[in-house]
Amino acid sequence: MTKQEIEKKVELIKEISGCDPYKCMKCGKCSGSCPSFNEMDIKPHQFASYIINGDIESLVSSKSLWKCLTCLACIERCPRNVQPGKLIDATRQLVERERGGDYLLADEIPELLNDDVPQQLLVSAYRRYRR
Amino acid sequence: MKYSYYPGCTLKNKAKDLDMYARLSAEKLGFELEEIPQWQCCGGVYPLGTDEIATKLASVRALNYAKEQGQELVTLCSACHHVLKRVNDDMKNVEDISNRANNYMMLDEPYRGETKVRHFLEILRDVIGFDELSKMVSNPLTGKKIGAYYGCLTLRPGKILEFDDPEDPKIMEDFIRAIGAEPVIFPYRNECCGAYTSLKDGGISQERTKLIFDSGKGFGADALITACPLCMYNLNKSEADTKVPVYYFTELLAEALGVKEGNS
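Just so you know, the protein sequences line up as chains E and C, in that order. Per our numbering: the first sequence = residues 1 to 131. Per our numbering: the second sequence = residues 1001 to 1264.
Don't take each hint at face value.
[Unchecked claim] Computed list of lysine to any residue pairs in SDA-like fashion (alpha-carbon distance at most 20 Å, straight line):
(1) C/K1116 with C/V1094
(2) E/K29 with C/K1092
(3) C/K1159 with C/D1126
(4) C/K1170 with E/M1
(5) E/K67 with C/D1201
(6) C/K1237 with C/D1214
(7) E/K29 with C/P1187
(8) C/K1116 with C/E1162
(9) C/K1200 with E/W66
(10) C/K1200 with E/I109
(11) C/K1016 with E/V117
(12) C/K1135 with C/K1200
(13) C/K1002 with C/V1094
(14) C/K1210 with C/D1241
(15) C/K1014 with E/K29
(16) C/K1237 with E/K29
(17) C/K1092 with C/E1162
[As the list claims (entries may be wrong)] Residues on chain E that point at chain C, a partial pick, calculated with CB under 7 Å:
(18) I16
(19) L94
(20) P118
(21) S124
(22) R127
It is worth saying that the hints were derived from the structure and are not from the lab. All of these numbers come straight from a predicted model, not from anything done at the bench. C-beta: ideal position from N, C-alpha, C; glycine also.
Looking at chain E on its own, in the form it has when it is part of the complex:
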């Protein structure tokens, strides 16, 4: 990735999320609240630094994008209104908008179904994992 490409992506993440990573004071409340903390390679409180440092390559290949539950705990509890969940979501959007979303494929769905799967689960997963 060239310097220009990186700068463009940093701006896009800021624009899509509507959040300012520079306001983060590293209190860690987001990571302390995160139910998927153990599953994440880049932790919620680290997202702001990765964006500020322009380490977009690590972010877009992070498995954290697919482990976030969008439970909004970090968004509710962030004392600086950085709202890490929105930064994670904007990074995921960046990946999905470029690649079209390949974490969940339509062909996979029949095998993932059982008689109890609520429609809400399917629409939510589709909306989060695909464009």
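Once you've looked at the hints, dock chain C against the given chain E.
Chain C in isolation, oriented as in the chain E frame:
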């Protein structure tokens, strides 16, 4: 009182009980749920991206329909409640989204978030009142210890949903008291069940639901209640040793009001 009712996709399919018991209870309580014709699925999750418009239009259509009827909009599913309230907030307070959505919709009169959105529980609390509700209970659930499992989508973000205090809610506990049972407050009541990850990766929801049941049963609950079909699914699929039965809150409401029998 008549409300525009938005059932949502799951209440027409896998969560029919949530819908049916609400309708029976509403009739008994004296208000009418008039289903919005041709409502469209809200999408289940609110699109967090600031530039998302198309994914919000289904909600705008339902909200605008209620406005045209001069009615408030009532919904039951946690996800629909979450998405509809947040899109409504966008239409009212976020000029860019509101303008672009209105440009697309080409309505006779622009929609600017005029409709009041209420969760069914908010009708019980704010319109009927839990004191009044308890007077209408003919079959109190005396002796039952019930934990209110809120999950995420009914509560957060607190400032937009204005449902209850997101860190220390009490609406469902007050509901449990009103139907004659004893509420059990447990720490994991507003923690996530694993949400949509259970479609591809059941591991997270297994871990989460175990913590929720351990917490609920550990604090003495014989049963949990929820308003969310996805929480219901993840909790039902749990392999936790501490599992207790999970009910939609409307089922217990119908039972307490004496309208459940013969319809289940």
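Practice item. May I ask which of the numbered hints given earlier this structure violates, with the numbers listed in increasing order? Key: 2, 4, 12, 13, 15, 16, 19
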